[in-house]
Every structure is written in structure tokens, then in C-alpha cells.
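Trainee: Here's the letter readout for the chains.
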Amino acid sequence: MRLPPLRWLFLPILLVPLAWLLFTGLGRDPREIPSPLVGKPLPELVGTTLDGDAFSSASLLGMPLIVNVWASWCVPCVEEHPVLIDAATTHAGELAVLGVLYQDTTDAARGFLTRYGDGGWPTLLDPSGRLAVELGVTGPPETFFVNADGIVVARQIGPLTFASMAGYLADLGLSE
Amino acid sequence: MKGLALPVAAAALLALGALVLLEVLRPAPALSPSEQAQQIASELRCPDCQSLSVAESHTDAAGAIRAQIGELLAQGRTVDEIKQHFVDRYGEWILLAPTAAFAWWLPPLVVGAALALLTAWLFTGRRAWHGAGEPNAAVPTAGERQRIRDEIEQLDA
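Protein chains in written order, with my numbering: chain A, 1 to 176; chain B, 1 to 157.
Careful: at least some of the hints might be erroneous.
Partial list, computed: chain B residues near chain A (C-beta under 7 angstroms) [as the list claims (entries may be wrong)]:
no., residue
1, E56
2, D60
3, A64
4, Y90
A few chain B residues that don't get close to chain A, going by computed Cβ distances all over 12 angstroms [said to hold, decoys possible]:
no., residue
5, A15
6, G17
7, A18
8, A30
9, L31
10, S34
11, T59
12, Q75
13, E81
14, V111
15, A114
16, V139
17, D150
Label pairs and their in silico Cβ distance ranges [unchecked claim]:
no., chain 1, residue 1, chain 2, residue 2, range
18, A, G173, B, L14, 50 to 60 angstroms
19, B, T99, A, P17, 31 to 41 angstroms
20, B, D80, A, F162, 36 to 46 angstroms
21, A, S56, B, T99, 25 to 35 angstroms
22, A, S56, B, L14, 53 to 63 angstroms
23, A, T48, B, T99, 19 to 29 angstroms
24, B, V111, A, A54, 55 to 65 angstroms
Bear in mind the hints are in silico, worked out from the structure with no lab data behind them. Just so you know, these numbers come straight off a predicted model, no measurement behind them. Ideal placement from N, C-alpha and C gives every residue a C-beta, glycine not left out.
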């Protein structure tokens, strides 16, 4: 009786899984962390604003919303601030913006807005860090793009540019 | 002997599987709430320092997560529920030891399968693996002998 040549099994047993791991693993960016919020409803963000008012993100639903996590000590936040102001003015009335202050004092945050321009949108304070945990924030700037149905469609880690903002606005159904 | 190859390989794989199961199913010792909080914190990645666990880190974000762990434990949530609470917000990334995907078992499985095959190969003799019914290729047949003789004669001629 002739047995199948089992020695040839060594080759596929070793090489097939290895090739599969390399193919699926090496193409990925190790720094890219997908947000589990994308595709899901934005958690309700409740708190007090920089102006001292009680506020809930639920009041902004019904139109596309940008949630921007920022801090006055965050240098890239300075870079992206004009991008946010531009989007908010260009799409006034069809786009809402909400700031979330990350590990910062109200005085420093007010100083930032005085110096770099106040876009007029509300900024929620987050003294306990709870809102940052709800959003899974790893550090400012971090920006969430929410469609009119309240579903998070994208998350940007790091500063927004005019080009990346245009892409995200298109995802939200807003064009220039 | 030669029929033993597959049974031996299967037995070796079974033994390996049993060891893995024993390790996975080993019951965790009972912990007090503060020990539980410490344990959960030590298994979560600090979001803004990344190479430290929440338990080791002194950043505000780690502090916020530690505070939430305490609140959730006080609400009677289980360790797994609390870990899931943070995975739902940060992704699997927040776990310092992410839950085992199939790919994680591949290396031990490959090594185990290779060891099983090697053991079977050693125990049953190499002939079984090369096809026992085959005539020994090293001994030329009568026809081949004749052809060799003819070719040597041609060389001499």
C-alpha cells in the first residue's frame, strides 16, 4: 500500500500561515487606531460650557456636527483652528460645531479663543475626563464627524487641514 | 509500525490541545474590589502615554479611567463588562493583552503540528513516509542495468 508523501505537508503547514500573516499584517499602519465609534451613534455629551451654560450634544442633532476635542496647550490645535472657523462660517446654518476641552483650565481656554479667534460654537468643559473617555480620546486634537442622523462617520486624530476638512465635509454631504 | 504515523500525530495534537485548554480554563482567584480595580487598571493601556498601563500612569486620562473603573465596580459590573465598557469606546487597542484572535493561536498550532509530524516520522520510520510500497529506487532494475552497460560500452568504443 502506498502512503501519501506526508513530508510535503510540512511546507504548506509552515508557509501558508506565515504568508497569510505577512500579507494581512505588513500592509497595516501600526499607528492607526480605528475608532469603535465610527458607524455608531455619537454618545450624548452632557456638561457645562465655557460660558457656564448647561449643554447637551443632543440639542445639536438634526444637522451635520463636528465635535472637536482641543486644549489651549495643544500646539496642533492652533494650526487647525482656522480650518474649523472657516468650515463653521462657510457652512453656517447647515453645520454645527461643538468643542470639548481636554485637560485644561477655563481661563487658559478663554485666552486661546481671544488670541486665535472665537468661532462662536459652544465648548463643553470636561474636568473629570469623562467626556474624553466616552469618545475614546487619546489626545488633542481629535475630531469626530457626525451626520444629521447622529451617526459618527469619521474620526481624525491630529490637526485638520483645509484639504482633509473638505474631504470630511463631503462625507457629511456638504461641499464648497 | 508504518500505520502508526497518523494516530501518533493525532495523539500529540490532542495532548497539546488539552494543555492549551487547561491554561485557558484555569479559574481566576477571588479578588477584593480594590484588587479588582487594580487588576482591571493594569490590563488597560493608558490612552495618552501608551507604553504604560492605566494603573502605572499618572496622567489625567488614566486617572479618569481609574475613577470610572471604581464607579462601575461599585455599580456591581463584572470585570469583563468593565473591560468591554472601555473597549466600546477606545477599541481593542485599550487592552494591553487583546482577546485572542485565531491568528494568535497559529504559531503554537503550527509548532505543535510540526512537532507531531516530526514525532510520528521518527517513531514510525522514514520508509512509511516515503511510500513503503515503492521499490527501492537505489537498486536499478534489469532493464536499467542493461542500459547502463550499453552506455558504458558506447563510452569505451
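Trainee: At 12 angstroms, judged by beta carbons, does B/S34 keep clear of chain A as stated?
Mentor: 20 angstroms, holds
Trainee: Would you say B/T59 is clear of chain A, with no C-beta pair closer than or equal to 12 angstroms?
Mentor: Given that some Cβ of chain A is not farther than 12 angstroms from that of B/T59, nearest at about 8 angstroms, it is violated.
Trainee: Report holds if the minimum CB distance from B/A30 to chain A is greater than 12 angstroms, and violated otherwise.
Mentor: For B/A30, whose nearest Cβ neighbour in chain A is about 28 angstroms away, the distance exceeds 12 angstroms, so it holds.
Trainee: Taking C-beta pairs only, is B/A15 more than 12 angstroms away from all of chain A?
Mentor: Holds: least Cβ distance 18 angstroms, greater than 12 angstroms.
Trainee: Would B/Q75 pass as off the interface with chain A, using Cβ distances and a cut of 12 angstroms?
Mentor: 15 angstroms, holds
Trainee: Does the interface hint hold: is B/A64 within less than 7 angstroms of chain A, judged Cβ to Cβ?
Mentor: This hint holds: B/A64 lies near chain A, its Cβ roughly 3 angstroms from the closest one there, short of 7 angstroms.
Trainee: 25 to 35 angstroms was suggested as the range; check whether the CB atoms of A/S56 and B/T99 agree with it.
Mentor: Since the Cβ atoms of A/S56 and B/T99 sit about 34 angstroms apart, the hinted range of 25 to 35 angstroms holds.
Trainee: Does B/Y90 pass the interface hint, meaning its C-beta sits closer than 7 angstroms to a C-beta of chain A?
Mentor: 4 angstroms, holds
Trainee: Beyond 12 angstroms on every Cβ pair: is that true for B/G17 relative to chain A?
Mentor: 16 angstroms, holds
Trainee: Just double-check B/A18 for me: nearest Cβ-Cβ distance to chain A has to come out over 12 angstroms.
Mentor: B/A18 clear of chain A: closest Cβ-Cβ about 21 angstroms, beyond 12 angstroms.
Trainee: Does B/A114 really sit off the interface, with its C-beta more than 12 angstroms from all C-beta atoms of chain A?
Mentor: It is violated; B/A114 is separated from chain A by about 6 angstroms at its closest Cβ, not greater than 12 angstroms.
Trainee: Since B/V111 was said not to touch the interface, does its Cβ keep a gap of more than 12 angstroms from each Cβ of chain A?
Mentor: Non-interface label fails for B/V111: nearest chain A Cβ at 9 angstroms, not farther than 12 angstroms.
Hints 1, 11, 14, 15, 19 and 23 from the list above are not met by this structure, while the remaining hints are.
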